[in-house]
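Protein chains: 2
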Amino acid sequence: MRVIASIAAMQRLALKRREEGQAIAFVPTMGFLHEGHLSLMARARKACSARGLLVVSVYVNPTQFGPKEDFAKYPRAPARDAALCRKAGVDILFTPSDGEMYAADFSMRVAEERLSKSMEGASRPTHFQGVAVVVAKLFNIVLPDAAVFGAKDFQQAAIIRRMVRDLNFPIEIIVAPIFREADGLAMSSRNKYLSAEERLQAPILFVALQTAKNAVAKKPLPRAQLRQKIERLIASQPAACVDYVEFFDPQTLEPAAKVGPGAQMALAVRIGKTRLIDNAEL
Amino acid sequence: MRVIASIAAMQRLALKRREEGQAIAFVPTMGFLHEGHLSLMARARKACSARGLLVVSVYVNPTQFGPKEDFAKYPRAPARDAALCRKAGVDILFTPSDGEMYAADFSMRVAEERLSKSMEGASRPTHFQGVAVVVAKLFNIVLPDAAVFGAKDFQQAAIIRRMVRDLNFPIEIIVAPIFREADGLAMSSRNKYLSAEERLQAPILFVALQTAKNAVAKKPLPRAQLRQKIERLIASQPAACVDYVEFFDPQTLEPAAKVGPGAQMALAVRIGKTRLIDNAEL
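Quick note, the sequences are listed as chains A and B, same order.
Each residue of the first sequence is one higher than the one before, starting from 1 at the first, in this note's numbering.
Each residue of the second sequence is one higher than the one before, starting from 1 at the first, in this note's numbering.
FYI, nobody ran anything at the bench for these hints, they're computed from the structure.
All values derive from a computational prediction rather than experimental measurement.
Please note: incorrect hints may appear among the correct ones.
Claimed, not checked - Heads up, simulated DSBU-like pairs for lysine-lysine below, C-alpha to C-alpha not over 30 Å straight-line:
1. K87/B / K117/A
2. K87/B / K46/B
3. K46/B / K16/A
As the list claims (entries may be wrong) - Far from chain A, by Cβ distances over 10 Å, these chain B residues were calculated:
4. A14
5. E35
6. Y59
7. A88
8. A132
9. N140
10. A151
11. A182
12. T211
13. K219
14. G260
Glycine included, C-beta positions come from ideal geometry on N, C-alpha and C.
Produce the complete structure using the sequences and hints provided.
Okay, here's the thing in structure tokens:
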């Protein structure tokens with residue numbers, strides 16, 4: 001495995017490999033890797049085959065954090081990340097620096113303006129702009145044929161797909177399933193923030209998804225009614241505080257009036273000070 | 001020469017040619033081609049060599065016209081454009097349709113937010129957003145190694161360079177010199193709008209550039225003083241009405257306090273109903 005920090009070196013290598021006809025598969029991450037990330041890498045390897053180039057980036061992108069969010073304390077473990085990537089068969093670990101990614105007079109905006117208004121976009125107003133700009137940059141630097149994103153960030157994946165469609169990036173977007181702990185908690189680097197007590201309450205997000213799924217299996221329910229039911233359930237955990245619970249069309253992200261099987265549910269819940277998200281098709 | 005209208009076909013071909021190691025040079029245009037465009041094509045051919053692929057796009061991009069601008073009546077001559085391209089040795093003429101370029105639910109914004117505020121950006125508030133988004137799309141579809149833009153649109157070229165730098169497009173941007181009529185009028189598809197009487201007055205833009213150049217050759221002048229002098233000169237032509245006259249740093253586009261040799265001058269002038277632009281290094 002090669003570790004590359006320079007944007008120019010990474011792009012040069014990618015251009016050369018493409019010229020040689022080698023497929024490139026890419027997994028962009030913010031590091032502090034867990035089994036969820038490893039499952040994305042396995043999916044990416046499948047996409048580019050054993051002879052392709054598997055590139056993983058580790059970059060905690062400042063522009064996707066709000067001014068009061070956890071950029072500074074976001075967990076970082078570069079040595080462990082490198083060891084995990086090596087073990088996972090990654091060919092290139094790309095670790096750019098903030099200074100190279102964002103010049104002092106950086107002045108480009110890349111933004112999705114429909115799908116990004118609700119849910120995460122409503123709670124974190126500049127988040128998806130930061131995501132769009134960094135992913136556009138990484139796509140142009142790594143020049144992948146395929147890129148793999150995790151389904152935990154459902155809205156992010158929808159926005160990336162839209163960006164690829166509307167800006168014509170020649171890249172296949174693959175969304176890999178959520179990887180869960182035994183008790184249903186979705187893997188996330190932020191799970192590290194949870195105290196032992198909070199960790200016991202955190203599976204309430206998964207329980208909420210299962211409960212909603214069962215509730216609408218027989219007959220569709222009005223959105224407000226289902227939301228109330230789910231919010232009450234979450235409130236049963238003393239450390240939990242709902243940010244949003246939403247039910248929507250998985251393509252357009254438009255809220256569903258009646259929620260039935262096939263609708264998508266997503267939620268964000270604070271467990272103590274830690275904000276967790278999860279989602280599922282009902 | 002092949003004419004391709006389908007985005008997917010153009011991108012497939014570009015990917016294949018890159019895989020084969022063939023260089024691609026690209027000239028994006030809005031058609032109604034003139035000798036200025038032909039000089040860009042010659043420059044692009046030089047960039048990709050005889051064995052490279054020279055791609056010219058003709059696309060009158062609706063998103064870069066304001067609601068009261070001349071999108072509907074912008075001159076179009078597809079058959080003549082194709083003949084000129086063939087004669088110029090173009091390999092691929094790419095002519096996408098509005099429907100393919102912009103889906104009904106298109107929702108991406110690409111915008112430069114510093115260099116685009118003054119001059120053309122001030123007079124045409126949504127213009128450069130339209131330019132940025134269409135150029136980003138065309139870059140991802142045509143996948144060129146080099147792209148050639150005309151120096152007449154000085155601010156546009158600066159914004160494209162910034163977009164390429166900030167979003168890391170692996171593309172060399174070449175800015176080719178302004179091509180002028182014998183009397184100094186910069187070539188433009190919009191010159192076609194001019195009446196015979198207006199055509200005689202239109203070289204006042206070039207005269208203004210020359211006059212400013214001579215005025216500051218001996219010693220720098222305060223910006224306001226130089227602007228007043230130039231605006232008076234332009235007012236000597238009865239059909240002429242100044243939109244802006246600006247003096248600025250060619251890198252940052254920041255207005256110069258004192259204008260001397262090396263400063264850039266740009267101006268927009270209406271001749272009757274036709275808005276013309278021009279610029280020069282002083």
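Hints versus structure:
no.	hint	verdict
1	K87/B / K117/A	violated, 49 Å
2	K87/B / K46/B	holds, 16 Å
3	K46/B / K16/A	holds, 22 Å
4	A14	violated, 8 Å
5	E35	holds, 31 Å
6	Y59	holds, 13 Å
7	A88	holds, 26 Å
8	A132	violated, 8 Å
9	N140	violated, 4 Å
10	A151	holds, 21 Å
11	A182	holds, 39 Å
12	T211	holds, 32 Å
13	K219	holds, 31 Å
14	G260	holds, 23 Å
Hint compliance for this structure: hints 1, 4, 8 and 9 are broken, all remaining hints hold.
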